[in-house]
Amino acid sequence: MKFFCTKNDLLTGVNTVQKAVSSKSTQPILQGILITAENQKLTFAATDLEIGILCDTPANILTEGKMVVPARLFSEIVRKLPDTQLSIELRDYTLLIEYDQSNINLKGYDPEEFPLFPELADAESFTMPTALLKTMIKQTVFACSSEGSRPVFTGTLMQVESGTVRLIGTDTHRLAYRIAEIPENPELHFYGIIPAKTMSEIYRLLKDEDEIINIRFNKNQVEFEFGSVRLLSRLIDGQFPNYKQAIPQMCETKTYLSVRSFLEAVERASLMAKDNHVGNIVRLVLKEDAMNIAQTSEMGKIQEQIPIRLDGKELGISFNAKFILDVLKILDTDEILMELSGPFSAAVIRPLEDPNYLYLLLPVRTA
Amino acid sequence: MTQALVEIEELLASVLREIQSLRSYIQVLEEENIRLKRDAALPAQETERVIANAERIQNVAQENLLRLYNDGFHVCHLHFGQPLEGDCLFCMGFLRKD
Ligand SMILES: [Zn+2]
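Going down the list, the protein sequences come from chains C and E. Here the first sequence stands for residues 770 to 1136, numbered as in my numbering. Here the second sequence stands for residues 670 to 767, numbered as in my numbering.
None of these hints come from the bench; they were simulated from the model. Watch out, some of these pointers could steer you wrong.
Across the chosen pairs, the derived CB separations fall in these ranges [claimed, not checked]: (1) C:Ala1059 - E:Thr671: 28 to 34 Å; (2) E:Lys706 - C:Asp891: 22 to 28 Å; (3) E:Leu680 - C:Gly917: 40 to 46 Å; (4) C:Gly1085 - E:Leu680: 31 to 37 Å; (5) C:Glu916 - E:Glu678: 43 to 49 Å; (6) C:Asp891 - E:Thr716: 48 to 54 Å; (7) E:Glu678 - C:Gly917: 24 to 30 Å; (8) E:Lys706 - C:Gln1074: 57 to 63 Å; (9) C:Gly1007 - E:Leu674: 38 to 44 Å.
Every beta carbon over 12 Å from chain E, so not counted as near; a handful from chain C, in silico [to be verified]: (10) Met770; (11) Glu916; (12) Thr941; (13) Ala1015; (14) Lys1056; (15) Asp1058; (16) Ile1071; (17) Lys1082; (18) Phe1113; (19) Ser1114; (20) Ala1115; (21) Leu1121; (22) Leu1130; (23) Pro1132.
Beta carbons are placed, not taken as given, at the ideal position from N, Cα and C, and that holds for glycine.
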């Protein structure tokens, strides 16, 4: 194998696949990046067997071939290389990198030991605008659980049916739901739980210039293809709960308020909770035309008031501040509608004039 | 501590048994109800008695589930009987009658 390329070509490849490199595997080969030189392009590939990423970059290839390099060291070397023409050659599992009057010899692994990327058997597929998918991921993935004890909640449910695609993330205490239309595929059906890590990776890798993303799936795996990147992921086994039943159909109180003033007030109220082990809980009191937001801790007390519009019953209710801040930060609208039914029932937050998104959060029971 | 756990376990097991037996009982009653409804010869009074009975038992089952939830156990399909860590959206959705 021998090829010429630039530092940037290598950097793009390494940066794209690095999150799929296994960090704790006992198999050294999985801590490596497979580099294949073929058809005038380099393909970088890494996998931890749960997620796999492949990325193509152009290169001037003299002789084709492949090798596996240790990911961490190789990426550090690439980052530190000068911005000049690089010549890279493979000699007996050792990569010879030559630049200017200097050279580096890097020992690698046997590429034949690198696990193959499975081709998705019996796959179906659909496409959607990348900007839309990016927004959908941003609006849902944060609600997933980070605890591994209940695996289904560490992923977002992707549900495709009747010409729509839905993403749902929940940790059982809150739930984020987003729906969008994919009118070209009315017959398509898919129901799979995609690891949150996969979703975050796609979000990180999607670029504005990639206009369309192609999503292929079968029962066990899903594959996303966009720009020069292909990302494969296993699906999480298990059954997702009946999220529709969790969404209240009625409410006793409707309140309309500004995202910005609510966000800023809760952020300031949260300051009082720093180093507070009990958790960051804010108390909301909703009156006819104003909402009070308060937090008390041993460090002090803060009380904020913002104007609201209210239909229905007045009430006092307490929430984990993070649950409120997380959603307010990802909404693009100026105003939200919050639906409540007393201090113990789940609240629903909807962006005003956008029926495609909703966020469900449970209050905290306070004495 | 161990004793308390054993007691909770026994309580949970007995509530579960109760719910399970009530569930099958309700099913039998509902089937009976349908059969009776079809039977036009039966006096309306008798049908009403059966409906009322089924409803009463259904309410008891609902109350038991609510008690189980308030005692700190999931009643949602996915985690039925497992200990709660804070409220659960899916239990509450299941218990709510919209
Ligand atoms: Zn539950």
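- Any hints from earlier that this structure breaks? Give me their numbers in increasing order, please. Hints 1, 2, 3, 5, 9, 11, 12, 13, 18, 19, 20, 22 and 23 not satisfied by this model.
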